[in-house]
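Peer 1: What follows is each chain in one-letter form.
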Amino acid sequence: AAGVIQSPRHLIKEKRETATLKCYPIPRHDTVYWYQQGPGQDPQFLISFYEKMQSDKGSIPDRFSAQQFSDYHSELNMSSLELGDSALYFCASSLPGTGGSSPLHFGNGTRLTVT
Amino acid sequence: AQKITQTQPGMFVQEKEAVTLDCTYDTSDPSYGLFWYKQPSSGEMIFLIYQGSYDQQNATEGRYSLNFQKARKSANLVISASQLGDSAMYFCAMIGDYKLSFGAGTTVTVRA
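Residue numbers (our numbering), protein chains in the order written: chain A, 15 to 129; chain B, 31 to 142.
Hints were generated in silico from the structure; no laboratory data involved. Among the hints, erroneous ones may be present.
[What the hints assert, rightly or not] Not close to chain B: a few residues of chain A, all C-beta gaps over 12 angstroms, as computed:
#1 Ser69
#2 Lys71
#3 Pro75
[Claimed, not checked] List of simulated lysine-lysine pairs, PhoX-like, C-alpha gap at most 25 angstroms:
#4 Lys66/A with Lys27/A
#5 Lys103/B with Lys66/A
#6 Lys46/B with Lys71/A
#7 Lys71/A with Lys33/B
#8 Lys36/A with Lys33/B
Because the structure is a prediction, the values reported are computed rather than measured. Beta carbons: idealized from backbone N, C-alpha and C, even for Gly.
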């Protein structure tokens, strides 16, 4: 079965650089979520999109932005990277109209290292 | 606001035995969903089981079962017949307002 695809799997950037993470949801999933997981921490919600519109916003820094495109894939853009941005970034998707009744399926994550 | 509490940072379990992972939650939403995810050392987040707030029966998925006690706001995960491959971090999570919130996680180590 198709899963959530994230690219790249690993990314190394220097401070003040920019990074773009990509997420391709499971087909027919129209809701996409982005999470950030620091070392030894639980995932923290960043932002979500439903039908290409932002549906909710969590602890996402102003240096980050995201969008969902017409084909439902999503990109997380990170600028002026800081050492503290080093983390595992997950994208997840879920079925249509599922405020609370369908699981989020996660991609394998992008491990970002800022040096 | 939602809050998920997992009070067990780590647990050891003998192979073939059962283990219960605790999870309590707090929410003012009448409709919510509870999930358990497994995160092995390789990092991926694997969905295990789901319980809806209006579900009358406890959810089961193979060796995983969810002990849902709505009045006590608890949703404990039971893993039966533990296997070495069950060693991982386990997260309890709740969805509400189109957002999934996670507990701090419990590390399970299965011993041979």
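Peer 1: Report holds if the minimum CB distance from proline 75/A to chain B is greater than 12 angstroms, and violated otherwise.
Peer 2: 17 angstroms, holds
Peer 1: Would you mind confirming whether the straight-line C-alpha gap from lysine 46/B to lysine 71/A stays at or under 25 angstroms?
Peer 2: 42 angstroms, violated
Peer 1: Are the Cα atoms of lysine 103/B and lysine 66/A separated by 25 angstroms or less?
Peer 2: 34 angstroms, violated
Peer 1: For a C-alpha distance cap of 25 angstroms, please report whether lysine 71/A and lysine 33/B respect it.
Peer 2: 17 angstroms, holds
Peer 1: Using Cβ atoms and 12 angstroms as the threshold, tell me whether lysine 71/A really stays out of contact range of chain B.
Peer 2: 9 angstroms, violated
Peer 1: Under the criterion that the straight-line Cα-Cα distance not exceed 25 angstroms, is the pair lysine 36/A, lysine 33/B satisfied?
Peer 2: Cα-Cα ~29 angstroms, so violated.
Peer 1: Taking 25 angstroms as the top limit, are the C-alpha atoms of lysine 66/A and lysine 27/A close enough?
Peer 2: Status violated; Cα separation ~28 angstroms.
Peer 1: So serine 69/A supposedly isn't at the interface. Is its beta-carbon more than 12 angstroms from every beta-carbon in chain B?
Peer 2: 5 angstroms, violated
Comparing the model with each numbered hint stated earlier shows that hints 1, 2, 4, 5, 6, 8 do not hold.
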